[in-house]
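Engineer: Okay, here's what each chain looks like letter by letter:
There are 2 protein chains.
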Amino acid sequence: MNKKTIGIIGLGLIGGSLAWALKTSTEHLVCGCDINSETLQQALKAGAIDVAVSNAANCAEMADVLILCLPVCAIPNTIQQIIPVLKPGTIISDVGSTKSYLSELVPNMLPVGVSYVGGHPMAGAERDGFMAADPNLFVGRPYVLVQSGQQDRLALQIMKELAVELGAVPVVIDADRHDAAVSKISHLPHIVAAAMVMLAAEDKERELNFSLAAAGFNDVTRIAAANPQMWVDVCLSNRANIINNLIELQHNLQNFLDKLQNKDQEALLRYFSNARMIRNSLSPAQNTGGELLADKAML
Amino acid sequence: MNKKTIGIIGLGLIGGSLAWALKTSTEHLVCGCDINSETLQQALKAGAIDVAVSNAANCAEMADVLILCLPVCAIPNTIQQIIPVLKPGTIISDVGSTKSYLSELVPNMLPVGVSYVGGHPMAGAERDGFMAADPNLFVGRPYVLVQSGQQDRLALQIMKELAVELGAVPVVIDADRHDAAVSKISHLPHIVAAAMVMLAAEDKERELNFSLAAAGFNDVTRIAAANPQMWVDVCLSNRANIINNLIELQHNLQNFLDKLQNKDQEALLRYFSNARMIRNSLSPAQNTGGELLADKAML
Chain A
1 MNKKTIGIIG LGLIGGSLAW ALKTSTEHLV CGCDINSETL QQALKAGAID
51 VAVSNAANCA EMADVLILCL PVCAIPNTIQ QIIPVLKPGT IISDVGSTKS
101 YLSELVPNML PVGVSYVGGH PMAGAERDGF MAADPNLFVG RPYVLVQSGQ
151 QDRLALQIMK ELAVELGAVP VVIDADRHDA AVSKISHLPH IVAAAMVMLA
201 AEDKERELNF SLAAAGFNDV TRIAAANPQM WVDVCLSNRA NIINNLIELQ
251 HNLQNFLDKL QNKDQEALLR YFSNARMIRN SLSPAQNTGG ELLADKAML
Chain L
1 MNKKTIGIIG LGLIGGSLAW ALKTSTEHLV CGCDINSETL QQALKAGAID
51 VAVSNAANCA EMADVLILCL PVCAIPNTIQ QIIPVLKPGT IISDVGSTKS
101 YLSELVPNML PVGVSYVGGH PMAGAERDGF MAADPNLFVG RPYVLVQSGQ
151 QDRLALQIMK ELAVELGAVP VVIDADRHDA AVSKISHLPH IVAAAMVMLA
201 AEDKERELNF SLAAAGFNDV TRIAAANPQM WVDVCLSNRA NIINNLIELQ
251 HNLQNFLDKL QNKDQEALLR YFSNARMIRN SLSPAQNTGG ELLADKAML
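Residue numbers (our numbering), protein chains in the order written: chain A, 1 to 299; chain L, 1 to 299.
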């Protein structure tokens, strides 16, 4: 790809890692924008950005590709602010954890000639902020790019190439499929991890519970430490899927409870054996699955 | 402690690690027993045991301290088999994940002069078998030892010293407190992890779900790969606590569902903020918590 100016609005964990990865692996000019001046200084000092601006419109008017790395529900407002400065040919993308909400809203907000390609790199951590950023965060990971009917093909192609330049594996799918999948493999686990942390904490034996917690509990609940506002946005913007999955999980846990009430050893053994068989089938092939799907889904 | 003969019945992940740790860190003679002759050969070859026997009674008659490293529900039968050869002064222990069931059953089975001290080293992995054993598995980890009214104080003291020799932190508590705590921090997370794996798998989009799964999902569901029969025993022998915790979890998830149905942003933010605050307060202090509790609980 020829050299472009890439604007990154929001230099948190994902935005900061994205900027840094672009600076490390590509020749593009990276313009970083954050409302926190300390974050901008950290990003400049780390060599994660070429240009630092504190105003989204200043970033937007420079950018050929503008990637909004903000909580999902903050994205429409920010786009509203930058509309006056957007020039034809600009590509708008984002890294929000849910895609249907933005895919319905954003294209209708944009001036003629400005394209929207929703994105979601499938990488993250329980920490947040630029101090947690990592230029290698996306290497080998799926990078979801949302396809839609009216979309500019060239814009999608450029975003795919950008993902490849970051070392990620582009996975082109529609917004609904993405949102249903992440509800099961990310949003539900997060909500449940939070519930289990609170269950162990809201107990007269809190101190004992946590002192005995071993690697299993730490792993299961690690994601509960992630950014709360981001997760509120995720839940509200993927509400229907999450509600369905929570109901389904409640149902499955009730089935398990019934088996345990009845001391049904065979059914309990099937339950754990089935889960083990599935879980063991996941790694390490899982990390390469994205590539196959991306090939199938290529336009 | 003066040199003893320690019998380990069952050289799986925990038994194999225990034998190996004893061989590595102490002068005790380690007699390993397993029904699988290949496992015995692996353990001998690794230097994890001094003596290999395939019969539990042969192991028991040699041992000053006999540690049964078997699924919880297999322990009473094995004790029944070895009763004829047990000599006064022998200490029987185990590493079962639940303690009340055995604490009620085992002491009444034993001949006069033979002591029972239930144990549970709080370490493990999703793998099993001797090939997954690790002599450093217990270093710095809590090692629960169960105290009870009629118990021989010297036997408990010897088990405490043994735990210290392994590099573990002895935590002396009663069986009921142990079982309530592990239900919340180990058993419930395991059951729920299995449910979430199956939810993502039993779906027409299974391939997409797993190809997009990132570190969060992998961490949350890793324990679902553990030994199924062991987990059936855990559930049956800690049934009342697990049932209570599952009901409590269902209730908490229903509360979350209601908040989401009502789009109650403030309540959702409180939910995630509370979980994050608790989760962030856990590490790294958590690994030293056991020591404090053990001091408090010392006889």
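Hint data in this document are derived by calculation from the structure and do not stem from the laboratory.
One should not assume that every hint holds.
Note that identical chains are pooled: a pair holds if it fits in a single copy or bridges any two copies.
[To be verified] Computed cross-link-like contacts, DSS-like style, restricted to lysine-lysine with a CA-CA straight-line distance of at most 30 Å:
1) K204 <-> K259
2) K160 <-> K45
3) K87 <-> K204
4) K160 <-> K4
5) K3 <-> K87
6) K160 <-> K3
7) K4 <-> K87
8) K204 <-> K3
9) K4 <-> K259
10) K263 <-> K45
11) K160 <-> K204
12) K4 <-> K45
13) K3 <-> K263
14) K160 <-> K87
15) K204 <-> K45
16) K4 <-> K263
Engineer: Now tell me if each hint is right for this structure.
Structural biologist: Taking the hints in turn, this is what the structure says about them:
1. K204 <-> K259: Result: close both inside a copy and across copies, 29 Å intra and 26 Å inter.
2. K160 <-> K45: The answer is within: 29 Å in one copy meets 30 Å, while 52 Å across copies does not.
3. K87 <-> K204: neither (60 Å within a copy, 42 Å between copies)
4. K160 <-> K4: within (14 Å within a copy, 66 Å between copies)
5. K3 <-> K87: Result: close within a single copy only, 18 Å intra versus 82 Å inter.
6. K160 <-> K3: Within. Shortest intra-copy distance 15 Å satisfies the 30 Å Cα cut-off; inter-copy 66 Å does not.
7. K4 <-> K87: Result: close within a single copy only, 14 Å intra versus 81 Å inter.
8. K204 <-> K3: neither (60 Å within a copy, 41 Å between copies)
9. K4 <-> K259: neither (59 Å within a copy, 44 Å between copies)
10. K263 <-> K45: This pair counts as neither: shortest intra-copy Cα distance 61 Å, inter-copy 41 Å.
11. K160 <-> K204: For K160 and K204, the Cα distance is within 30 Å only across copies (26 Å; inside one copy 52 Å).
12. K4 <-> K45: This pair counts as within: shortest intra-copy Cα distance 22 Å, inter-copy 60 Å.
13. K3 <-> K263: neither (65 Å within a copy, 44 Å between copies)
14. K160 <-> K87: within (21 Å within a copy, 73 Å between copies)
15. K204 <-> K45: Neither: 47 Å inside a copy, 47 Å across copies.
16. K4 <-> K263: For K4 and K263, neither the intra-copy (64 Å) nor the inter-copy (40 Å) Cα distance is at most 30 Å.
Hint compliance for this structure: hints 3, 8, 9, 10, 13, 15 and 16 are not met, and every other hint is.
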